[in-house]
Amino acid sequence: MNFPKKRCVAMLLAGGQGSRLLVLTENTAKPAVPFGGKYRIIDFPLSNCVNSGIDTVGILTQYQPLELNEYIGNGQPWGLNRSHGGVSVLPPYAKSKKSEWYKGTANAIYQNIPFIERYDPENVLILSGDHIYRMDYARMLRYHEEHDSDVTIAVRKVPMEEASRFGIMNTNPDGSIYEFEEKPKQPKSNNASMGIYIFKWSILRKFLVEDEENPDSDNDFGKNVIPAILNAGHKMMAYDFEGYWKDVGTISSLWEANMETLGLNPAFNLYGDGTAQIYARNYALPASYIDTKSKNVNCLIAEGCEVYGDITHSVISTGCKIGRNAMIEDSVIMPNVVIEDGVIIRNAIIGEDCKVCSGAVIGGSFREGEKRQISVVGKNHVIAANQVVKPGEVI
Amino acid sequence: MKNIMGLVFANIYDSSLGQLTNKRTQASLPFGGRYRQIDFTLSNMANAGIRHIGIVTQYNYQSLMNHIGSGEEWDLELEEGGLEFITPYSQGINNNFRGKIEAIHGAGRSFLDKAPEEYIVLADASVICAMNLEEVIRAHIDSGRDVTVVVKAGIANANKQLDLAVHVDENGEVDDLAVDYDAPADYLASMGMFVMRCDLLMASAEECMAHNRFRFERDFILQDWTDGKLSVNAFEFHNVALFNESAEEYFRNNLAIIDRNVRHSLFRDDLTIYTKVRDQVPTYYGESCEIDDCIVADGCMLLGKAFNSVLFRRVRISTGAVVRNCVVMSNTEIGIGAQLEYCILDKDVKISAGTKLIGTAEHPVILNRGDAV
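Those sequence lines, one after another, are chains A and B. Just so we're on the same page, the working numbering is the position in the first sequence counted from 1, plus 2. Just so we're on the same page, the working numbering is the position in the second sequence counted from 1, plus 98.
It is possible that part of the hints are untrue.
What the hints assert, rightly or not - EDC-like, lysine to aspartate or glutamate: derived pairs with alpha carbons at most 20 Å apart:
(1) A:237 / A:176
(2) A:323 / A:342
(3) A:295 / B:385
(4) A:159 / A:220
(5) A:373 / A:258
(6) A:323 / B:173
(7) A:208 / A:150
(8) A:323 / B:215
(9) A:297 / B:391
(10) A:237 / A:218
(11) A:297 / B:367
(12) A:295 / B:388
(13) A:7 / A:72
(14) B:403 / A:308
(15) A:297 / B:390
(16) A:185 / A:220
(17) A:187 / A:163
(18) A:297 / B:368
(19) B:403 / A:312
(20) A:295 / B:391
(21) A:185 / A:163
(22) A:295 / B:368
(23) A:357 / B:367
Simulated from the structure, these hints should not be mistaken for lab results.
So that you can see chain A by itself, here it is in the shape it has in the complex (with noise of 0.2 Å):
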């Protein structure tokens, strides 16, 4: 069959195993994460996608995909049921002669040339699945078009004492890259690299190729085919984005993430400026009910949840239930959980479909300048009545 040309083909990575976030990762993969309530991770790169005009997206998984293919389905929810592109889930599957598992970023998407040839696209763009963000990546796709760019790589200005932490693009005052150090000791500039690439399809599949036939290489975007690209004389260009972009690959930059969406004017705003919307999998719950005796301050709180106790500056996912003279600050508790009465929830993450007992006490509270210790409840435990789960504690 012919089909039209595409543009551009997202290709956004969702096979990290996410074992920094500990627990909450145990049988999920990362991108299926709960976030602010009622999304999943995953849900902010996809509707950035759509929003962006973009509507052929694969996603490539391998750790722990079950939950995250059910969770996309055909993709209706994002618009992406298409008849030409929508949303395709890749895992690795075994080919004629060799299957194998996706060594790394640059080999997954080796591994799935013959999806992209299907489009024939112009341009691929690459994303991570795990991270919280607003961006139009048309105007990112527009601005590699307008410079002939054969990459382009979004970048952030990010404080110069945390440059070290990330891959630095040293630039030309033209927006050119020069060089690209990954985690530099002496960071020359502060461009860190945001994990999100716009390649010219024909000169990223010359690369993917070149890349899977060296048998050094550890087939990873950041430290071999960027800069091999690079290296090879090709135009790369920085585009900066300004906006709020939050890496949530730990545990406590996913919570910092989640209390960035309260208050009135919060850093991240999930309720956006009305344009770009972030759409996620919803199902069939009746309105909440808030008691009398409950006071919420400063909170946000999902559809299908029964409130009868206190909650403080926290996030309460879709379908929880939370008992009388419960007491919730500083946390978010993901969907479905069930808090009986007087239980006191502090600086904690409660997982999916937790029970947590009467009179359990999980997490504390910390002084203004003391390091808060967040403390994790993985995904179906039950916390038993009374029981202690100390600050910082992980079960």
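Given the coordinates of chain A, assemble chain B onto it according to the supplied hints.
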């Protein structure tokens, strides 16, 4: 239950709901924070495995069609069967339906005649309940009667006019039927739900039309039962059923779901009520808000106070505003310091700062869609 089809009437109580149905059908009237009335009827049918449903509607059906779409939320987007809208003028009938009979007769040619199903469930979209329809259908077949009418005790009170009042003897056998009757409390109220064989329905509709009889309850059920041509079985429904046949009932019943028992009877794990889902962010509760005994949907921004009220999606209550005993539909904004009691605010209403609107439980203040006060 593959052998059963459904037929829903969307406009039956439009006139008695007044301004609430100015620009929508009674079936698409918002209810309970995030639903439309027809969601309950369709979900009850879908949960019983009914996969072929017709929706009879005659006017104001834009919002209904928008809401239902292809029926995918109820898993009714199917190759065979699925959802069909039955409207006048599309069946060679060049006038509005003069009653349910004419609608059924009109539907006959396209919808009923070709249907492979043996039985049909007819329902109005005016009674809010979560019902196990499989039980009703099985009871109907076991009864061996021509028609089963689903009835509810405790509705008749000698003041409310019932479309169809049913009296049963100590064995549960129907011993009296009456239409448009202010029945005393020992009568059971029809919930507007009937089960029968499709061929009987078609033949009866044909017969009625031949005699210019259009009203289903009066001209078919009552008439044929009185003439001894029709045997009627009554199925008593014991869970919560809310009859929304007037604006006052609609107001009272919305607030009724704040009660835990009512809520848990309507929203159960075993009988999910489906609706068109929308992408709304979770509701934000501000620093100084006070929300007591409320039903709150997604996407609201709550900075003021609300007591004993139902807040639909994207409602905004500004600082210092107080909302008491109100039904506030989607997208409505309540300005700083406004005071509202016993009001129904339709969608997209704007209440300016400091406005005071006080109704009563019997006569709530009703604002139309898009009103600015």
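message = residue 295 (chain A) and residue 385 (chain B) were given as a pair; does the straight-line alpha-carbon distance stay at or below 20 Å?
response = holds, 17 Å
query = Is residue 159 (chain A) within 20 Å of residue 220 (chain A), Cα to Cα?
reply = Given that 20 Å is the threshold and the Cα spacing comes to 27 Å, the pair is violated.
query = Is residue 187 (chain A) within 20 Å of residue 163 (chain A), Cα to Cα?
reply = holds, 10 Å
ask   = Are residue 295 (chain A) and residue 391 (chain B) close enough, with their CA atoms no more than 20 Å apart?
value = With Cα atoms ~8 Å apart, residue 295 (chain A) and residue 391 (chain B) stay inside 20 Å; holds.
ask   = Are the Cα atoms of residue 295 (chain A) and residue 388 (chain B) separated by 20 Å or less?
value = holds, 10 Å
task = With a cut-off of 20 Å on the C-alpha distance, tell me whether residue 208 (chain A) and residue 150 (chain A) pass.
result = The hint holds at about 18 Å.
Distance restraint between residue 295 (chain A) and residue 368 (chain B), which requires alpha-carbon spacing of 20 Å or less = violated, 29 Å
key: Holds or violated: residue 323 (chain A) to residue 215 (chain B), with C-alpha atoms at most 20 Å apart   = violated, 42 Å
20 Å limit on alpha-carbon distance, applied to hinted pair residue 323 (chain A) and residue 342 (chain A) = holds, 8 Å
ask   = Under the criterion that the straight-line Cα-Cα distance not exceed 20 Å, is the pair residue 403 (chain B), residue 312 (chain A) satisfied?
value = Within the cut-off at roughly 16 Å; holds.
message = Against the 20 Å threshold, does the CA-CA distance of residue 373 (chain A) and residue 258 (chain A) hold or violate the hint?
response = Given that 20 Å is the threshold and the Cα spacing comes to 13 Å, the pair holds.
request  = Decide if the proposed pair is consistent with the structure: residue 237 (chain A) and residue 218 (chain A), CA atoms, cutoff 20 Å inclusive.
outcome  = At roughly 25 Å apart (the allowed maximum being 20 Å), residue 218 (chain A) and residue 237 (chain A) break the hint.
Comparing the model with each earlier hint shows violations of hints 4, 6, 8, 10, 11, 13, 18 and 22; every other hint is respected.
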